[in-house]
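Chains as they are written, first to last, in my numbering: chain A, 1 to 276; chain H, 277 to 590.
If you're looking for bench data, these hints aren't it; they were derived computationally from the structure.
Every value quoted in this text rests on a predicted model; they were computed, and no experiment measured them.
Mixed in with the good hints there might be a few duds.
To be verified - Have a look at the derived ranges for each label pair, beta carbon to beta carbon:
| hint | chain 1 | residue 1 | chain 2 | residue 2 | range |
| --- | --- | --- | --- | --- | --- |
| 1 | A | 194 | H | 291 | 31 to 41 Å |
| 2 | A | 70 | H | 355 | 36 to 46 Å |
| 3 | A | 186 | H | 302 | 10 to 20 Å |
| 4 | H | 394 | A | 57 | 28 to 38 Å |
| 5 | A | 53 | H | 578 | 51 to 61 Å |
| 6 | H | 340 | A | 194 | 20 to 30 Å |
| 7 | H | 390 | A | 170 | 34 to 44 Å |
| 8 | A | 13 | H | 434 | 42 to 52 Å |
| 9 | H | 354 | A | 111 | 28 to 38 Å |
Positions of the beta carbon are idealized from the N, C-alpha and C atoms, including for glycine.
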Amino acid sequence: MTTLARRRRAGRLATLAAFAVTGLFLVPVAWTVETSLKTKVQAWTLPPKWVFTPNLDNYRTVLFQQGFLEYLKHSAVIAVGETIVALTLGSLAAYGFERFRFRGRQPLFFAFLLAYMLPEVAIALPAYLLAVQFHVLDTYGLLIAMHATFGTAFATWMMRAFFKEVPAEIEESALTDGATRLGAFLRVTLRLAAPGLVATAVFCLIFSWNDFPYALVLSSLHTETLPVAVGSLKTPAGTAWGGIMAVTVVAFLPTVIFVFIVQKWLVRGLTFGAVK
Amino acid sequence: MPWFNHARVASGCSLLARHRKALTGLTFIAPAAVFLTAVMGFPILYLLRHSLNKENFANPAAGATFIGLGNYLALLRNHEFWQSTTTTTTILLFAVAVEFVLGLGVALLLQRVLVGRRLLIALVLIPSMMMPIAVGLMWRYMLDDGYGMVAYYLNRLAITGQGGLFPGSILGTARTALASIVLTDVWEWTPFMALILLAGLQSLPVDPYEAAAVDGASGWQEFWHVTLPMLRAAITVALLIRIADAMRILDIVFSMTNGGPANATQTAQLYSYRIGFQQFNTGLAFAQVVLVASATITVCALIFRQVARERGAA
């Protein structure tokens with residue numbers, strides 16, 4: 001067999017295997033969607049029923065009777081606010097880190113990453129006590145600010161990788177044409193890195209949307225987010241699993257849609273600048 | 277490094293210009309730096325200071341008494357502290373190791389896919405984008421002894437259930453509960469690991485592969501001597517992110533086992549939350565948080581130094 005033929009056969013095998021592996025990873029997701037469309041009795045039946053008559057009762061109950069629309073709204077407001085803050089601060093900082101060399105740059109960059117890596121509970125505990133003293137507990141502002149800490153750190157890291165791909169010469173020609181640094185950054189670099197900005201925004205939205213520790217500690221009646229509401233659904237045995245799975249689907253559907261929007265830039269965006 | 281360099285001056289780059297350039301860079305970084313310092317700095321200072329107090333949030337009348345390192349010493353003698361630390365470490369080691377091996381496999385597969393690669397990547401990434409607290413609930417349902425789908429098939433395979441390898445209740449027995457958390461973490465984060473490694477694979481140069489082909493290297497030799505060494509930077513970054521994430525594992529545990537049975541799956545983060553918000557023993561909670569955060573910072577700093585070194589070498 002020629003090398004080329006062998007390669008092609010290996011490629012076909014790999015394609016098949018990749019589809020199979022992906023399918024395996026998606027079985028629990030499919031099961032979750034199925035359960036959300038089942039009645040209580042169907043959800044408890046063994047052996048597992050894969051084919052049945054679906055109904056939307058669980059969604060109706062969850063969204064219109066248990067008030068999950070309200071939690072959805074809280075989560076959305078916080079996620080959008082956090083993303084705006086994180087993208088603005090993060091892309092400016094990423095540009096500073098990527099284009100300028102100065103002493104202490106590396107330790108400073110690491111300090112930024114710590115904001116992403118520190119355990120949330122560590123910050124949430126004192127933040128709670130401080131928030132009580134300053135009367136900001138359970139406000140959008142507080143949650144947006146807390147989420148924007150890991151958001152900004154993440155955006156700095158990810159945008160730096162995208163700025164690396166924009167040649168510095170293009171900016172320099174803008175600079176010699178009389179543009180200011182900020183002007184060149186906004187009109188040239190940022191525009192060229194726009195796909196990266198979109199991909200980063202999607203991840204910032206998802207991180208805030210999924211955050212549990214900060215929201216658990218710092219949100220209450222007025223700002224309670226979806227993850228906190230989901231977390232409070234765990235009760236002893238005999239739970240309405242159909243409803244819980246419906247909430248789960250409502251919780252992950254937006255993130256899946258977002259991922260599909262940015263699928264083109266997924267791989268490039270996640271190199272974190274370390275690959276090249 | 278000398279701060280003044282004759283060669284640099286001679287090359288036309290004056291000291292003033294260099295300083296100005298550094299200043300411009302810092303100006304871009306300043307807004308984010310000020311924001312992060314303001315929002316995280318106060319909590320961190322508060323945390324450090326109050327970890328030296330004996331104080332209880334539920335009983336403010338008793339006030340706070342300075343006890344120096346008392347809380348820290350109490351923790352080091354506390355069985356639950358060490359148990360929770362060990363639990364986090366165990367989950368981390370098993371989960372990240374399995375995720376790395378599987379993730380590398382998935383990345384190598386995806387790299388060779390001929391049609392629909394982009395779609396496959398987006399599909400396989402769904403678990404990693406799901407809300408961890410909901411993922412925990414999902415798996416708790418699927419692993420339930422009475423009506424769980426996965427439990428049903430595990431029982432049929434005689435892995436669990438009566439007469440199986442692990443006859444006890446899956447989430448009600450210490451060892452299988454811990455394994456279930458590892459399984460859930462692996463399911464959720466293997467795709468993410470694969471994605472970062474795939475990004476690394478796609479950026480590798482072609483020349484070394486051509487050279488290997490000329491030398492008649494086998495597929496395995498090529499992987500071991502060409503791919504793996506060149507992939508080191510991507511591997512370090514992937515491990516850095518996953519280890520940092522796994523060190524603060526809370527959500528999955530919270531909704532899956534809530535630390536049980538007994539305290540068998542109580543991770544360090546769950547323990548912080550409990551001493552702080554259920555026992556209101558804030559002084560002790562702060563000390564625990566400082567110890568755990570220091571460990572996280574140390575581990576991340578070591579890996580980060582490696583990342584910086586790899587990047588410098590590349």
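Okay, the hints, checked on the actual structure:
Checked against the hint of 31 to 41 Å, the pair residue 194 (chain A) and residue 291 (chain H) passes, with Cβ atoms roughly 37 Å apart. Look at residue 70 (chain A) against residue 355 (chain H): about 42 Å separates their beta carbons, and that is inside 36 to 46 Å. Separated by about 18 Å at the C-beta atoms, residue 186 (chain A) and residue 302 (chain H) satisfy the suggested range of 10 to 20 Å. Separation of residue 394 (chain H) from residue 57 (chain A) is about 36 Å and conforms to the stated range, judged on CB atoms against 28 to 38 Å.
Evaluation of the 51 to 61 Å hint for residue 53 (chain A) and residue 578 (chain H) yields a pass: the beta carbon distance comes to about 56 Å. A hinted range of 20 to 30 Å is violated for the C-beta pair residue 340 (chain H) and residue 194 (chain A), which are about 51 Å apart. For the hinted restraint 34 to 44 Å between residue 390 (chain H) and residue 170 (chain A), the CB-CB distance of approximately 35 Å keeps it satisfied. A beta carbon spacing of about 31 Å between residue 13 (chain A) and residue 434 (chain H) contradicts the range 42 to 52 Å that was offered as a hint.
For the hinted restraint 28 to 38 Å between residue 354 (chain H) and residue 111 (chain A), the CB-CB distance of approximately 31 Å keeps it satisfied.
The structure fails hints 6, 8 (numbered hints given earlier, in ascending order).
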